[in-house]
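Trainee: Sequence:
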Amino acid sequence: MDNGSTITTTVTTTQAYGESWYWDNRYAKESGPFDWYQKYHALAPLINLYVPPMHNKNNHNNNSTSSSTSPQILVVGCGNSEFSENMVDAGYDHVTNIDISSVVIEAMQNKISNRPHLKCILPILFIYREDMTMDVRDMSAFQSESFGAVIDKGTLDSILCGSNSRGNATKMLHEVWRVLKDKGVYILITYGAPIYRLRLLRELCSWDIKLHVIEKFLQEGGCSEKPLWELTKPVPLNEEESSVEAALGKAPDVHYIYVCIKVGEGRCVEAETCGISCRLSAEEDMAPFISPISYSFYSN
Numbered sequence: 001m002d003n004g005s006t007i008t009t010t011v012t013t014t015q016a017y018g019e020s021w022y023w024d025n026r027y028a029k030e031s032g033p034f035d036w037y038q039k040y041h042a043l044a045p046l047i048n049l050y051v052p053p054m055h056n057k058n059n060h061n062n063n064s065t066s067s068s069t070s071p072q073i074l075v076v077g078c079g080n081s082e083f084s085e086n087m088v089d090a091g092y093d094h095v096t097n098i099d100i101s102s103v104v105i106e107a108m109q110n111k112i113s114n115r116p117h118l119k120c121i122l123p124i125l126f127i128y129r130e131d132m133t134m135d136v137r138d139m140s141a142f143q144s145e146s147f148g149a150v151i152d153k154g155t156l157d158s159i160l161c162g163s164n165s166r167g168n169a170t171k172m173l174h175e176v177w178r179v180l181k182d183k184g185v186y187i188l189i190t191y192g193a194p195i196y197r198l199r200l201l202r203e204l205c206s207w208d209i210k211l212h213v214i215e216k217f218l219q220e221g222g223c224s225e226k227p228l229w230e231l232t233k234p235v236p237l238n239e240e241e242s243s244v245e246a247a248l249g250k251a252p253d254v255h256y257i258y259v260c261i262k263v264g265e266g267r268c269v270e271a272e273t274c275g276i277s278c279r280l281s282a283e284e285d286m287a288p289f290i291s292p293i294s295y296s297f298y299s300n
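First residue of the sequence shown: 1, per the numbering used here; consecutive thereafter.
Heads up, a few of these hints could be off.
[To be verified] Here are the simulated PhoX-like cross-link-like pairs (lysine-lysine), alpha carbons at most 25 Å apart as the crow flies:
1. 233 to 183
2. 226 to 250
3. 111 to 216
4. 183 to 216
5. 216 to 181
6. 226 to 216
7. 216 to 233
8. 210 to 183
9. 226 to 181
10. 210 to 250
11. 250 to 233
12. 226 to 210
[Unchecked claim] Restraint-style ranges between C-beta atoms, simulated for each label pair:
13. 28 to 82: 34 to 44 Å
14. 113 to 236: 27 to 37 Å
15. 230 to 54: 19 to 29 Å
16. 44 to 113: 23 to 33 Å
17. 140 to 249: 40 to 50 Å
18. 24 to 82: 15 to 25 Å
Since the hints were derived computationally from the structure, they do not count as laboratory data. Glycine is no exception: its CB is placed at the ideal position from the N, C-alpha and C atoms.
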């Protein structure tokens, strides 16, 4: 098979990432848990900074959602990851998970029911609605301003691989913004570099955005070498995004983490009113997925 055919096949596969049937088929075949991009332990210092669990009473971050109890947290595109269970083990007591795949939600519900001790100590809710599934582009089952934090580990990336990627991404971000409380935090873990993701985030909704990075393939237990950039230290941002390259170098091998704090008095553009200025080419959105090394996840 020549290179042209290989690329065509890969693009076809990644385009299916935005479709429920793809994930139903995949989860029916792959029942074991895995995490896209990073596991909870690697991201915990950053999540604790912006969304401290209930037992962390000494957090002084003005942008966090700190309170006497942990905030309501929504994990979108949860898959069969153990991320949420790890969060509850760490002290978070209100974690809701949604996914477009009815197959994986049923499996996760069965997993909880088959482990009786989890019912008492892990207050995790997995949601699947027969009439519409819980599609992140339409979360009308949730009232506006229901959550203090939304965590997205690859879901926006998947939508940007599918058909009508820009329109569907707009719908998703509008819904995320809607269900967040004022000053709520949307934590987006993605392959998308600032030149792609910042434009999308800034033009659609009113956010106060901070950029963090974490190196790819971070293994359990960390590494002995000094990281490229400290996880909890925001990367400087300017309008031209040149500050990112100055800080990290050209094409750094990292996952980008956009911490988007909802500006309550702001706005979020409706999907129907998104104009040509917020559209990027499909090639730009899919570029990180064409390379085989992009398919990184951690299995247990």
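Trainee: Which of the stated hints cannot be reconciled with the structure, identified by number in ascending sequence?
Mentor: Failing hints, ascending: 3, 4, 5, 9, 13 and 14.
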